[in-house]
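Student: Residue numbers (the working numbering), protein chains in the order written: chain A, 1 to 166; chain B, 1 to 637.
Keep in mind the hints are simulated off the structure, nothing from the lab.
As the structure is a prediction and not an experimental result, all values here were calculated from the model.
Backbone N, C-alpha and C define an ideal beta-carbon position, used for all residues, glycine too.
Keep in mind that a hint or two might mislead.
In the DSBU-like style, the derived pairs of lysine-lysine whose C-alpha atoms are separated by at most 30 Å in a straight line are [said to hold, decoys possible]:
{"hint": "1", "chain 1": "B", "residue 1": "K305", "chain 2": "A", "residue 2": "K158"}
{"hint": "2", "chain 1": "A", "residue 1": "K45", "chain 2": "B", "residue 2": "K289"}
{"hint": "3", "chain 1": "B", "residue 1": "K315", "chain 2": "A", "residue 2": "K158"}
{"hint": "4", "chain 1": "A", "residue 1": "K45", "chain 2": "B", "residue 2": "K305"}
{"hint": "5", "chain 1": "B", "residue 1": "K305", "chain 2": "A", "residue 2": "K145"}
{"hint": "6", "chain 1": "A", "residue 1": "K45", "chain 2": "B", "residue 2": "K310"}
{"hint": "7", "chain 1": "B", "residue 1": "K221", "chain 2": "A", "residue 2": "K55"}
{"hint": "8", "chain 1": "A", "residue 1": "K145", "chain 2": "B", "residue 2": "K287"}
{"hint": "9", "chain 1": "A", "residue 1": "K159", "chain 2": "B", "residue 2": "K305"}
{"hint": "10", "chain 1": "A", "residue 1": "K62", "chain 2": "A", "residue 2": "K7"}
{"hint": "11", "chain 1": "A", "residue 1": "K158", "chain 2": "B", "residue 2": "K287"}
{"hint": "12", "chain 1": "A", "residue 1": "K152", "chain 2": "B", "residue 2": "K305"}
{"hint": "13", "chain 1": "A", "residue 1": "K7", "chain 2": "A", "residue 2": "K55"}
{"hint": "14", "chain 1": "B", "residue 1": "K305", "chain 2": "A", "residue 2": "K146"}
{"hint": "15", "chain 1": "B", "residue 1": "K132", "chain 2": "A", "residue 2": "K109"}
{"hint": "16", "chain 1": "B", "residue 1": "K287", "chain 2": "A", "residue 2": "K126"}
{"hint": "17", "chain 1": "B", "residue 1": "K305", "chain 2": "A", "residue 2": "K147"}
{"hint": "18", "chain 1": "B", "residue 1": "K289", "chain 2": "A", "residue 2": "K7"}
{"hint": "19", "chain 1": "A", "residue 1": "K45", "chain 2": "B", "residue 2": "K139"}
{"hint": "20", "chain 1": "B", "residue 1": "K289", "chain 2": "A", "residue 2": "K159"}
{"hint": "21", "chain 1": "A", "residue 1": "K147", "chain 2": "B", "residue 2": "K289"}
{"hint": "22", "chain 1": "B", "residue 1": "K287", "chain 2": "A", "residue 2": "K146"}
{"hint": "23", "chain 1": "B", "residue 1": "K27", "chain 2": "A", "residue 2": "K109"}
{"hint": "24", "chain 1": "A", "residue 1": "K152", "chain 2": "B", "residue 2": "K289"}
If you want the footprint, here are the derived chain B segments under chain A, 3+ residues with CB under 8 Å [unchecked claim]:
{"hint": "25", "segment": "67 to 79"}
{"hint": "26", "segment": "270 to 282"}
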Amino acid sequence: MEKQQTKRIFVMQDRCNGCRICELRCSFYHNQVYSPTLSRIYVVKSELEGLTEPKTCVICGKCIDACPEKAISKSTTTGAISINGEICTGYMACVEVCPFEVMRFDHTKGVAFTCDLCDGDPQCVKYCPEEALFYMTPKEFSDFKKKEQQTKSTGEQKKPDVIPQE
Amino acid sequence: MNPNPSKFYGYRGQILIVDLEESTVQKETLDQKYIEEFLGGRGWAIKYLFDNLEKDIDPLGPENILVISLGPLTGTLAPSSARYTIASKSPLTGGIGYANSGGHFAPELAYAGYDAIFIHGRAKSPVYLYIKDDEVEIKDAKHLWGKDTWETDEILRAEYSEDFQVLSIGQGGENLVKYAAILNNLSRAAARTGVGAVMGSKNLKAIAVKGSGAVEVAEPKAFDSFIDETLQKIYDDPAYPSLSYYGTAFLVDLAYISGGLATRNNQTGIFEDYESLSAETFDEEFKVKSESCFACPIHCGKYSKVESGKYAGTKGGSPEYETIVCFGSKCGIGDLAVIIKANELANRYGLDTISLGDTIAFVMEAFQKGLLTKEDTDGIEVVWGNEEALLSLITKVAYREGFGNDLAEGTKRLSEKIGKGSEKFAHHIKGMEPPAYDVRTAKAFGLGWATATRGADHLAALPNFELLGYDPEKGLEWFGSKESVDPFSWKGKPRMVYWHENFGAIVDSAEMCKYTCFSAYAVKPEDMSKFLTYATGYDFSPDKLMLIGERIYNLERLFNLREGIGRDEDKLPPRFTDEPLPEGPAKGNYVELDKMLPEYYELRQWDFKSGLPSVLLLEKLNLLAEAEKYDLKSKEE
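Pulled out of the complex, with its shape left as it was, chain A reads as follows (with noise of 0.2 Å):
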């Protein structure tokens, strides 16, 4: 039997313009304040080329073999990187070797953090205005890029009239 894809979040990086609201929304969920340090994800910018890109956690699991504790595994509901804040000892070298810079350190509670996929209801993904970021399976995901890819190519893009009509 195939294995079941599991879901995670997918950019489409030119949609993303760079607002931010995805850091707001995640950090309001987890800590309910306003604090782009405590976000799981986040945007990383150049101004001069016009390039806006969010960063956040594929699951790629290097984070788990990094970890001398064993406090890393993968959620069982959802899949999502787990750390037990318990056995984690602030070592760091699940932060070291993330390759997305997206495992972060809360140095007030001493222990790492990554995205939870909001227990399978990931707000960036939600609140995205642009509608820049998927919780799809990979597979998912790339029919859903293969679509994009042929509305383009058809000119079927509508753009909005520049004076509105009532």
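We have chain A; now place chain B onto it with these hints.
Tutor: Frame of chain A; chain B shown alone:
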């Protein structure tokens, strides 16, 4: 009252007082009176400047103060709440000066834990302010002096880290150009009234900030669900798709259709090359993508690139509507590639594109009328449509080189130097050059220009209400006149402007974007009341807010009156009152200022002869002591 004054919500609770003369930084706790009577941002700026500046000081002397202030929503998810105010006594007008900018700077300062920075004195040599959470230092900026704002941004972020936010002046501010701007995020400009020159006069090159803290609100659940409710209103607004997709460039089309696309220094409202400046052309040929301010659902900012031609490779944050018109049709230039290049130069040098474009357009008309020749302008033919002239003059202004030294003084001073009747087409109010929209096609905007405290300013009132094609019944309900929904009519406009100015002062003090409040009208006083109350825990009722707004507006007025800027300065450049538009759909229209102003003064409770506020008003606003100290209350009953 704050139920717990030692713990702040929304606000961060700390301010910085920087003395560049003594090279000291003090941290102080935020004053309750500042919160309850002046809210934040623009309100705090006028309160601090009125109380701490002597009258008649030199705006470019060390006595002037530069205020940078945030609002109680800064750093939260409240829609488009990432704006901040920079204020000082204006070197352009001699009255109150302030500018407002978005981007990502303000929230960063909030996360570092501060609500405002008050900067006194002048440093002995160039410095910049470094802020990383609790660490605040005045540092040597010798390596930055002479650099443009883009280079400064790059150097400072390379020195510290990519996630620092930087605001800085370019050569314009260093060389005390009277309309120098302060830039952040490369293309976000706190541009108006010459605040950049004040920063330059203080030898302060930049502020680099990184904050790793959080902003907490008093009622998280209520705040969060009210955000969702408001977002829906913003998305449902009929103008949202256009503003969001094209950015402010769509206003070029709106202005053209109404016959008010300011052309050749406002000699007409019809520009023959309109199509080359239209939103459609911008979108097809130059726009790359949206570039949003922090936490903004509208994201009107665009990033653009010139792909071919003489200016191929030019890229960056796009010119806004104001810039497109002031560099474009006002100068007879119908080429967006040139305007994108000119905008890049102005952003790098740190210059206000409105005042700059207007001053050049004024020179072009002086050329047309034979009052200036090549002899006066370093050999440059400053004629309509001369793009080379536009670009070379921008650089000359930034360095105050040759004729650029005269241009750097702005339209008013330049016309006084030229004389020969040029004052008649030298467009300025209180010394500041007017924005893009030709107010002969929008009468509330016309009144708003005349009464704005910082000079010719579309944003103090921003009475978009008259442009949105609303039902006449709505006009009756909001401003007591069905005709108020007609931009060509002056009726109902005094009330419209009065309301927008008062609420506008609140919007600027909460530091929310006026596009959320006055484009979609998605946030009205009752909505703002909810945002502020849920965020701070203070009881900011709609009535209390409108009173605070009126207080802020009147204290700015008192600041101007103290400097001798009063009734006689509430006027428009003669072209807008005396010369009806010569052609197009608005043909024959002019601004009936003489009809609107008396009614406006009555609503304001200002004496029409002296321009001074009544005692009753001053008592209501708790500003009597301020007015009495400088003998600024009306003697009339």
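Student: Taking the hints in turn, state whether each one holds.
Tutor: Tested hints:
Note on B/K305 and A/K158: the hinted pairing holds, with a Cα-Cα distance of about 22 Å set against a maximum of 30 Å. Restraint check for A/K45 and B/K289: satisfied, since their Cα atoms lie roughly 13 Å apart, inside the 30 Å limit. Our distance criterion of 30 Å between C-alpha atoms is met by B/K315 and A/K158, whose separation comes to about 26 Å. With a CA separation close to 17 Å, the supplied pair A/K45 and B/K305 stays within the 30 Å bound.
For the proposed pair B/K305 and A/K145, the alpha carbon gap of about 26 Å is at most 30 Å, so the pair holds. Of the supplied pair hints, the one linking A/K45 and B/K310 holds, its CA atoms being roughly 28 Å apart against a limit of 30 Å. Distance check on the hinted pair: B/K221 and A/K55 sit about 27 Å apart at the alpha-carbon level, within 30 Å; holds. Our distance criterion of 30 Å between C-alpha atoms is met by A/K145 and B/K287, whose separation comes to about 23 Å.
In summary, the hint linking A/K159 to B/K305 is supported, as the alpha carbons are separated by about 20 Å, within the 30 Å threshold. Our distance criterion of 30 Å between C-alpha atoms is met by A/K62 and A/K7, whose separation comes to about 18 Å. Between A/K158 and B/K287 the CA atoms are separated by roughly 16 Å; this keeps the pair inside 30 Å, and the hint holds. With a C-alpha separation of about 21 Å, the suggested pair A/K152 and B/K305 falls inside the 30 Å cut-off, and the hint holds.
Simply put, A/K7 and A/K55 have alpha-carbon atoms about 16 Å apart, close enough for the 30 Å limit, and the pair holds. This hinted pair checks out: B/K305 and A/K146 have alpha carbons roughly 27 Å apart, not beyond 30 Å. A hinted pair counts as satisfied when its Cα atoms are at most 30 Å apart, and B/K132 with A/K109 qualifies at roughly 20 Å. About 27 Å separates the Cα atoms of B/K287 and A/K126, which keeps this hinted pair within 30 Å; it holds.
Between the alpha carbons of B/K305 and A/K147 the distance comes to roughly 28 Å, so the proposed pair stays at or under 30 Å and holds. Straight-line distance between C-alpha atoms of B/K289 and A/K7 comes to about 28 Å, which keeps the hinted pair within the 30 Å bound. Proximity of A/K45 to B/K139 is assessed by CA-CA distance (about 26 Å); at most 30 Å being required, the pair is judged to hold. Among the hinted pairs, B/K289 with A/K159 is consistent with the structure: their alpha-carbon atoms are about 14 Å apart, no more than 30 Å.
Taken as a hint, the A/K147 and B/K289 pair is honoured in the structure, with Cα atoms around 21 Å apart against an allowance of 30 Å. The suggested pairing of B/K287 with A/K146 holds, with an alpha-carbon distance near 25 Å, which does not exceed 30 Å. For the suggested pair B/K27 and A/K109, the alpha carbons sit about 27 Å apart, so the restraint of at most 30 Å is met. As the CA atoms of A/K152 and B/K289 are separated by approximately 16 Å, the hinted pair is consistent with the 30 Å bound.
With 3 residues having a Cβ less than 8 Å from any Cβ of chain A, the segment 67 to 79 of chain B passes the three-residue criterion, so the hint holds. A stretch counts as covered by a chain when three or more of its residues have a beta carbon under 8 Å from one of that chain; for the segment 270 to 282 of chain B and chain A the count is 3, and the coverage holds.
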